[in-house]
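S.K.: So you can see what is in the structure, the chains are spelled out below.
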Amino acid sequence: MTNDVPSTSVSMQPPEVFHYDNRTVRDFGVATIVWGIVGFLVGLIVALKLVYPDFLGFVPELSYGRLRPLHTNAVIFAFAGNAIFFGIYYSLPRLCKTPMWNQALSKVHFWGWQAIIVAAALTLTQGITTSKEYAELEWPIDIAIALVWVVFGANMLGTIYTRRVRHMYVAIWFYLATFITVAVLHIVNSFELPVSLFKSYSLYAGVQDALVQWWYGHNAVAFFLTTPFLGIMYYLIPKAANRPVFSYRLSIIHFWALVFLYIWAGPHHLLYTALPDWAQSLGVVFSVMLIAPSWGGMINGLLTLRGAWDTVRKSPVLKFLVVGVTAYGMSTFEGPMMALKNVNALTHYTDYTIGHVHMGALAWNGGLSFAMLYYIIPRIYRTGLYSVKLANVHFWAATLGIMFYVLSMYFGGITQSLMWKEFTADGLLRYPNFLETVTQIMPMYALRSVGGGLYLTGALLAVINLWATARQGSLLASEEVRTRRCRRSACTERPTCTAGWKADRRSSPC
Amino acid sequence: MYKEVLRSIEGIEIYPIISLLIFFCFFVGLTAWYVMADGDRLQRLARMPLDQEGESAAPHENGGKLS
Amino acid sequence: MHRWLEGRPTQFALLTLVAVLIGGIIEYVPTALIESNIPTIAAVKPYTPLELEGRDVYIAEGCVGCHSQMIRPFRSEVERYGDYSKAGEFVYDHPFLWGSKRTGPDLHRIGGKYPDSWHALHMQDPQATSPGSIMPAYPWLFEKQLDDSLIGAKIAAMRTLGVPYEDGYEMQAAADLKAQAQTIAANLSESGMVVPADKQIIALIGYLQRLGTDIRGDAEYMAELEALMTKIEQGTGFEGAQLLVEDMDLAAGKAIYQSQRNLCYTCHRNDLGGQVGPNLTDNYWLHGCTVAEIMSNIKSGFQQKGMLPYGSGKSLTEEQLQQVASYLISQQGSNPAKPKAADSTRASLCEAQTW
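Protein chains in written order, with my numbering: chain A, 1 to 510; chain B, 1001 to 1067; chain C, 2001 to 2355.
The shape of chain A in the complex, shown without the other chains:
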């Protein structure tokens, strides 16, 4: 076995010059924070509507039933979605040592995605919806999503094909898995028969529709809210802490385990329903197995920071990363627990689930997104963060908000569920009127709004901070990179990059 030998024969060649496109990165960053604020705000509105049903009056466009899907879509696809692209458009070129493949595709991707979000906001408030959770958008928008997603994929694959390093760093694997799986999920779940431009019926009925929907719904969480953020984590934690990932071996193993296991676990959303038992059991078994790879990711992230905890204290980026990764670990432990049949019997249909998803969304996705914003924006604006202090205030407001939110939902959910199930000595329901179990947890709904309000306040501080950061610096729209020239390998068409980015030629037949 030979070791990789850096070539020394290229030093004479003139340097190669190319440019990273930071403008698209900036645009996705702005979209992330703007849609984030919108998503949090709509979330706060619906939370307040549960406390004050007549809040904002009884206007169809602002009714709870129509705003709830707007909130979930805004947070998942607009906030987290743009955050993913923000992270990928920054990290992918730097990991591949090449610019994004096609600048026109980048533009189409950016504006296409924003147009989809606007279309979603317009249609959902008009009551135009398929009602399938996280797939509410009607068929013309579904088609647009598929097209823009392919544009994103083409741009990403093109970049990977033209890379100047041989090995695809593990983050890129997560990005690829995201692209592939979300495409499959979206297309399969969106099979519907149009009746008119704004109305369609799902191709599937009843039990089948439920199974397909939750196969999608579960894996949307897996491959839209988990894998891309894990990829970003594998880039950002080493960068921010300036040390390599704890175990590259672990990252590879947990990648494959995640990709294989996640897809099976969907039926745990349908326990005790009319879904066949074997499918339910399968869902439970795989959900429990998922703890291992999920915790693999968390441990790998946190152990990367071992011996660097003093930097965590100073850096808001690392703080958000630590809370995000920790919350990821907690959610991925809690999820499998909630997939156990006896636990599920208690938590399903209650606010406990709402607490669970917000632990993931606010802390894991939100935490990583804000870490990215605080890390990348100063860098592409060639300046430091305007105020570390303000970012720290944001961090504590967000953390406190999450605590308020999650704990009140856990407590309210369990309380309500126990009330639903309580019988008197005579064998009658203790609380036969459903409403009693709602009024009982109203204080929890109020506390939840406080938590959401705190989180939103923190995000607004981030807006101020990032805006001031951008103002004090100036955007390096096109970042010049000089590098020693690569040569094409004699036996493959693939560029085997040499000096500088150590070539990995061990498997080369040459």
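Calculated directly from the structure, the hints in this document are not laboratory data.
As the structure is a computational prediction, the values presented were derived from the model and not from experiment.
Positions of the beta carbon are idealized from the N, C-alpha and C atoms, including for glycine.
Just so you know, not all the hints are guaranteed correct.
Said to hold, decoys possible - Below, in silico cross-link-like pairs of lysine-lysine (BS3-like), each with a Cα-Cα straight-line distance of 27 Å or less: (1) Lys421/A / Lys2086/C; (2) Lys2086/C / Lys2254/C; (3) Lys2305/C / Lys421/A; (4) Lys2113/C / Lys2086/C; (5) Lys341/A / Lys2101/C; (6) Lys2113/C / Lys2254/C; (7) Lys2199/C / Lys2178/C; (8) Lys2254/C / Lys2144/C; (9) Lys2199/C / Lys341/A; (10) Lys2045/C / Lys2113/C; (11) Lys421/A / Lys341/A; (12) Lys2305/C / Lys2113/C; (13) Lys2199/C / Lys2144/C; (14) Lys2045/C / Lys2199/C; (15) Lys2101/C / Lys421/A.
Claimed, not checked - Here's a subset of chain B near chain A, in silico, CB distances under 10 Å, partners left out: (16) Leu1021; (17) Gln1043; (18) Leu1045; (19) Ala1046; (20) Arg1047; (21) Asp1051.
Given chain A, put chains B and C in place with the hints provided.
M.R.: What follows is chains B and C alone, placed relative to chain A:
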């Protein structure tokens, strides 16, 4: 009732078992491969994001202006 | 092998795709296979055109965000909502509306539980029927016209998806829709709520009243109703029951009236002024006004009008019926604010001396 229909599909129980086996074999193979893999190489690969060459110098987080 | 893969995005992506598809296909294929031989429950029929439109209103307003339609096979759920949900009940549901969160109660067996007028009032002002409710009001459903221009296309689309509407039914759908809407509007106006038949609320009520009722089987349900009617006609053996006047009994009667278990107030109001059901404080009574008659009426209910039989099973004992009837009588002439107007075509005047 529903379960009876499923039972009537020939060999239905084999589906999940086969796929579980496929997954399991792949996973065990993969794990074995990586446990035995060249540690030095993996460590080098792990440093890929830290490879700063070609990237503009990172400004300090609260450094105000770039040096 | 993996080393080779690490450098090849195409092969890598394909392998990921395979990994993902294995799980997906295994999960989905068996469910898809049984599509052809899923045991459809004979009593489960496609939605009527009005119900289909009502379902689309339900979808558009996002009702599924707060209400599930999936009763799990637990004693606590069957007790609260009714028989647990069966797979065969959803074969015509494109899309499914099981929901994932119960901010409000499950609705799978809501059909027939309350009269049409209760639903109308509840959608107009949830606090009126359910004081303390956090459900928002839906005033626009009473103003907006139901757009039924697509009903033909919807029926045709459903047929394409495998819902057994007869060939050519789309030509007749609009007429059927209007007829059913008229019936519901007539029901409402009988209870003093004037809502034109072409409003969205009418379709929504049509859908809600259909939910979960198929499985009862029409014959069985009608037989049950008939048995009940016979029982009412035969009297229920309370003849000679005395009016209770002790404070303790009246307090007990009041507690029964206001209890969360019986929810008398959801139709008659806490002050007995009436809203969906009639005013209980005036001299106009529909079904007799002796203690015995009132007890018997509460016991048997009026299923066709939407009043549940409170004496059936374990709900109210004879003593409790007597207490609550006496409480009602004690409230005669209490003159609550804004009472519901008496239906003079049906009610007969009871003389105060009768009691």
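S.K.: Determine for every hint whether it applies to the structure shown.
M.R.: Hints and how they fare:
1. A C-alpha spacing of about 21 Å is found between lysine 421/A and lysine 2086/C, which places the hinted pair at or below 27 Å, so the restraint holds.
2. With a C-alpha separation of about 39 Å, the suggested pair lysine 2086/C and lysine 2254/C falls outside the 27 Å cut-off, and the hint is violated.
3. Under the criterion of a C-alpha separation no larger than 27 Å, the hint pairing lysine 2305/C with lysine 421/A is inconsistent with the structure, at around 30 Å.
4. Straight-line distance between C-alpha atoms of lysine 2113/C and lysine 2086/C comes to about 19 Å, which keeps the hinted pair within the 27 Å bound.
5. A hinted pair counts as satisfied when its Cα atoms are at most 27 Å apart, and lysine 341/A with lysine 2101/C qualifies at roughly 17 Å.
6. Distance hint between lysine 2113/C and lysine 2254/C is fulfilled; the C-alpha atoms sit about 24 Å from each other, no more than 27 Å.
7. For the given pair, lysine 2199/C sits about 11 Å from lysine 2178/C by alpha-carbon distance, which is consistent with the 27 Å threshold.
8. Restraint check: the Cα-Cα separation between lysine 2254/C and lysine 2144/C comes to about 40 Å, which exceeds 27 Å; the hinted pair is violated.
9. Taking the CA atoms of lysine 2199/C and lysine 341/A, the gap is near 43 Å; set against the 27 Å cutoff, the hint is violated.
10. For the given pair, lysine 2045/C sits about 19 Å from lysine 2113/C by alpha-carbon distance, which is consistent with the 27 Å threshold.
11. Between lysine 421/A and lysine 341/A, the direct Cα distance comes to roughly 16 Å. Compliance with the 27 Å bound is thereby established for this hinted pair.
12. A hinted pair counts as satisfied when its Cα atoms are at most 27 Å apart, and lysine 2305/C with lysine 2113/C qualifies at roughly 10 Å.
13. Taking the CA atoms of lysine 2199/C and lysine 2144/C, the gap is about 6 Å. The hint holds against a cut of 27 Å.
14. Proposed proximity of lysine 2045/C and lysine 2199/C is supported: the alpha carbons are some 25 Å apart, at most 27 Å.
15. The hinted pair formed by lysine 2101/C and lysine 421/A meets the criterion: a straight-line CA distance of about 16 Å does not exceed 27 Å.
16. At a threshold of 10 Å, the smallest CB-CB gap from leucine 1021/B to chain A is about 12 Å, leaving the interface hint violated.
17. Proximity of glutamine 1043/B to chain A holds as hinted, the smallest CB-CB distance being about 7 Å (cut-off 10 Å).
18. Hint status for leucine 1045/B relative to chain A: holds, with the closest Cβ pair at about 6 Å, below 10 Å.
19. The beta carbon of alanine 1046/B comes within 4 Å of a beta carbon in chain A, closer than 10 Å, and the hint placing it at the interface holds.
20. Of the supplied interface hints, the one on arginine 1047/B holds, with its beta-carbon coming within about 5 Å of a beta-carbon of chain A, less than 10 Å.
21. With a cut of 10 Å, the hint placing aspartate 1051/B at the interface with chain A holds, because the nearest CB-to-CB distance is about 6 Å.
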